[in-house]
Amino acid sequence: MAASLTASRYPLAAALLLMAVAPCVRAGDREAREWLERMSESLATRNYEGRFFHVRGARSETMRIIHRVDKGKVTERLVSLDGSGREIIRNQDEVICYLPDRRTVLVEKRNDSSTLITTVPSYNEELESHYSIERGASTKALGRRTQVILVQPRDQFRYGYRLWLDHETAMPLKSQLCDRDGNVIEQILFAELNFRERIPASDLKPAVSGEGFAWIQQDAEQPQMARATVGWNVIRLPAGFRLTTWRLQFIAGSRIPVQHLVYSDGLASVSVFIEPRNPQTEPMRGLAKVGAAYAYSRDLDGHQVTAVGEVPAETVEAIATGVTKDATPAAPMATVPGAPPTR
Amino acid sequence: MSDALNEQLSACLDGELPRAELALLLKRVERDAEVRDTMGRYALVGEALRNEKPAVASRGFSDGVMAAISAEPARAASRVPAAFLRRLRPVAGVAVAAGVAAIAILSIQRVGGPDTSGSAQLASDTTGVTSPGISQGVDPSYVVPGPNTAPAPAFAIPAARLTNYVVAHSEYSSPLGRRSVLTGVLADDDADPATVVTDESRDARTTDRSAPQPQER
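Read top to bottom, the protein sequences are chains A and B.
Every letter in the first sequence is one number past the one before it in my numbering, and letter 34, counting from 1, is 66.
Every letter in the second sequence is one number past the one before it in my numbering, and letter 192, counting from 1, is 1176.
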């Protein structure tokens, strides 16, 4: 009950506060948003490599990142430097996860149209109805001048960020993923970050060959649309989440076409995977977690429904619970309310 | 190295260091090789802890912590300060809870399968993955017991399947979200105490259900 009162009181308090200080907040917000736009641009266009601590709870891992942009094409390699030897290499066409500790390589190919989709958020006023975006202190991190930018969620359905952006380059030297109460869920703390004129291709090669590992990848052939034209819908979406992408795909390691719907509030996103369930197997149910991401599974009408996202547990649960099957089979984009946001 | 500095380093890794102090500390980390070493060592101890499986945790997690620390090179072990160990306690608490939850999962799975090998088979069937490398190596430890209210047995999302989904999802995340999701995959292991929803957090979730329903759209 207490939670419910707080939750309903919060937007009102926030609105009142905003009204009271509206003139100065608006000016400050614009500048904070500009910082975030600069950050997006830096992240997408610069060549850099560095090492960072990935810290969650009392656990810390050291990781290396190598990010190359060549003729507008991004290749990124993330390597765990502690123990497992895991690494992830992603480029325009695919994401490859080398998991030597599981003797597995996971290949996730992007298909055709998905490369057209931009996932870079627009830091606009609309986003501010779900997050407050403000400048914090101007401070030092890694011995450099940084500007702190606070992106705080206005409700319990999304996480926020505290970012320490380099004054000169707007690169996030430190970032914290926080819940609505400001508790840090995880943080990335750069110990070293170098900008490079050029990054040799050899730096983007995995350290393990993957030979003798199980390679899990989807079939090259893409599923036929006609086979799954039943529309799915999510009712009672948490505020601000809208359908941004719909596609039919194979998930690595499976021959069953999976419908993949993406819902986003402009910053946080949740994927909903829907696939026919083998009637001989037990359905997957309940909540699971990988890093800061949650997943929630349920079975619905002979289908397995799983919502996954870098959002609080209740958001994936609410979205998975809201999945319903449309009565009329039709073009999925037309039957799902909430057109993708225009950019 | 002073206790105060050790406190600062571990507070920094916990994300609890005030901003002003953090700036100073990072400056110092950058300048001072010894401080850098210490930070790395703390990360190593974290790594050692990370390798503890919940099953072990239920038999005596604090012993495991001590073993992990004494497994460090002697030089390092003698220098892991009390300040840092004090901070480990909450972790041990979570891990013990994780151990309890792991037992719960095993008993839940037995409902669906005649024996443990049966339930392992079941888990791999659900993935639809035929590769032996995956189906045998997977410890279904992402599993979180379903909500208490669910009458039917809760079945976990198999680890391999979950990783597939998470990676497929990452391509649709914002750049910050993607980094968070992918580092999660890198850092993840099969027995992550933090993956288990503790009673406390589950209670919190239950409470939240009484919160206003998300908007109907």
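Hints in this document: simulated from the structure, not taken from any laboratory.
Computed from a predicted structure; not experimentally measured.
Please note that a few of the clues may not be correct.
Here are the simulated SDA-like pairs of lysine to any residue, each with C-alpha atoms no more than 20 Å apart in a straight line [said to hold, decoys possible]:
#, chain 1, residue 1, chain 2, residue 2
1, A, Lys237, A, Glu73
2, A, Lys105, B, Pro1159
3, A, Lys141, B, Pro1159
4, A, Lys105, A, Arg186
5, A, Lys103, A, Arg230
6, A, Lys105, A, Gly89
7, A, Lys172, B, Pro1159
8, A, Lys141, B, Arg1012
9, A, Lys172, B, Leu989
10, A, Lys105, B, Ser1158
*Are the Cα atoms of lysine 141 of chain A and arginine 1012 of chain B separated by 20 Å or less?*
violated (43 Å)
_What's the verdict on lysine 105 of chain A and glycine 89 of chain A, does the C-alpha distance respect the 20 Å limit or exceed it?_
The hint is violated at about 35 Å.
*Between lysine 105 of chain A and serine 1158 of chain B, does the CA-CA distance stay at or below 20 Å?*
Judged against 20 Å, a Cα distance of about 17 Å means the pair holds.
*Holds or violated: are the alpha carbons of lysine 172 of chain A and proline 1159 of chain B at most 20 Å from each other?*
Violated - the C-alpha atoms of proline 1159 of chain B and lysine 172 of chain A are around 23 Å apart, more than 20 Å.
*Given pair status - arginine 186 of chain A, lysine 105 of chain A, alpha carbons within 20 Å*: violated (35 Å)
*Decide if the proposed pair is consistent with the structure: lysine 103 of chain A and arginine 230 of chain A, CA atoms, cutoff 20 Å inclusive.*
Satisfied, since the Cα-Cα distance of roughly 12 Å is no more than 20 Å.
*Do the alpha carbons of lysine 172 of chain A and leucine 989 of chain B lie within 20 Å of each other, as the hint requires?*
holds (18 Å)
*Is the hinted pair lysine 105 of chain A and proline 1159 of chain B satisfied, with a Cα-Cα distance of at most 20 Å?*
Cα-Cα ~15 Å, so holds.
*Given pair status - glutamate 73 of chain A, lysine 237 of chain A, alpha carbons within 20 Å*: Roughly 25 Å between the alpha carbons, so the hint for lysine 237 of chain A and glutamate 73 of chain A is violated.
_Given hint proline 1159 of chain B paired with lysine 141 of chain A - CA-CA distance at most 20 Å_ = Distance of about 18 Å is within 20 Å: holds.
Consistency note: the structure conflicts with the earlier hints numbered 1, 4, 6, 7 and 8.
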